[in-house]
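With chain A's structure known, arrange chain B on it following the hints.
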Amino acid sequence: MNRLMRWIHIKGSPENYYRLAGRLIPWFAIPGLLLLVTGIVYGLVFAPPDYQQGDAYRIIFIHVPSAWMSLFIYLGMSVAAAIALIWRIKVAELTAMACAPIGAVFTALTLLTGSLWGKPMWGTYWEWDARMTSELILLFIYLAIMGLYQAIEDRRKAARAASLLVLVGLVNIPIIHYSVQWWSTLHQGVTVLDRKMDPSMLWPLLIVAVATKLIFATNLLQRTRLLLISTESRKRWVREMAKTETPS
Amino acid sequence: MTPTRKRRVYMILIIIMGVTTAVSLMLAAMNKNMEFFYDPSQVAAGEAPVDQLIRVGGMVVEGSIVRTSNTLLTQFDVTDNAHSMTVSYTGILPDLFREGQGIIAKGKMNDTGQFIAAEVLAKHDETYMPPEVASAMKNKAAQP
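Sequence lines, in order, name chains A and B. 1 is the number of the first residue of the first sequence in the working numbering; add one for each residue after it. 1001 is the number of the first residue of the second sequence in the working numbering; add one for each residue after it.
Here chain A stands alone, though its shape is the one from the complex:
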């Protein structure tokens, strides 16, 4: 345990993490982009139309992966926030904070595509049903985390306060997931886990789902690197790097 902690502390030092993240980025970015293009083209062009919704269902290939990401990122952010609060590891604090804007964008994308899909199919852009309301609350939680992080002057105190808010907001995640089972919602129930989708449509969906995770990882590493050099800008490693390296 102690040796592991020592290893985490050394490898997780801001300087080491900055370099490691820089090396890792292309390994996530390139497959991520390739899979995203493959999945979207497969879904929008080659997948068959739906027996009920025709071609309009194709927005699922953006809506559902975004919705999964909005929950997935929150879970990742919560793990980082818990580590940040317990062990006060700087990289964990910044990782949690870097998650929030990415999660907010995916949540907004989920709400927007869902609304555009709802109008032709259900007959309304918005309905205050449990699934939609809880997803909207998720957006507000993401925005509150970002706001709290910006509102406190001391960067480390800000990250810890916002991390606490992350863990408070965690209660909403199971509510979103189970909302379609606990309440009578206009939103449909569970498709993928209950195997209610034809494989010809499921494959592009899963490809986009993997692609969005890789793109999230890419963006997370980039954002964490940025937060690292901006919060450590007075440390020696950043100043020396600024002297010797051209910014990439």
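For the record, the hints were derived by calculation from the structure and aren't laboratory data. Note that the coordinates shown come from a computational prediction; the quantities given were computed from them, not determined experimentally. Virtual Cβ for every residue (Gly too), placed ideally from N, Cα, C.
Heads up, simulated EDC-like pairs for lysine to aspartate or glutamate below, C-alpha to C-alpha not over 16 Å straight-line:
| no. | chain 1 | residue 1 | chain 2 | residue 2 |
| --- | --- | --- | --- | --- |
| 1 | A | K119 | B | E1119 |
| 2 | B | K1106 | A | D129 |
| 3 | B | K1106 | A | E127 |
| 4 | B | K1123 | A | D129 |
| 5 | B | K1123 | B | D1080 |
| 6 | A | K196 | B | D1125 |
| 7 | B | K1123 | B | E1099 |
| 8 | B | K1123 | A | E127 |
Stretches of chain B that chain A covers, calculated by requiring three or more beta carbons in the stretch to come under 8 Å of a beta carbon on chain A:
| no. | region |
| --- | --- |
| 9 | 1011-1021 |
| 10 | 1094-1101 |
| 11 | 1123-1129 |
Relative to the frame of chain A, chain B by itself:
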């Protein structure tokens, strides 16, 4: 783990438990208020209030859709397989509105026991498949 870290772990667990309890109580309280939804059996039993905004839902009965030629008025029956009721609606129906589809109508009951909908929403289930698969499954089901 050092005592300080242990204390932090406990603090976090207590916060999560506290928030979870508070939110579950809130949701349980809210659930009682969310029951302004009536199914056709409840309406047939006279449980639905007259002239109050409520929601009814069920399946559109096959062959019950009556459209008028000059207006957007549509009348149709919805059923929960036990009772059915008539809904009239003036406006544009969603793409998924069709016979056998599950719908939710928001509106008011009038004195004569008719439901005047202000909004009709179509529900779809969680099944996605190509049309060929759907018709193949239908044919299979039709075979003795």
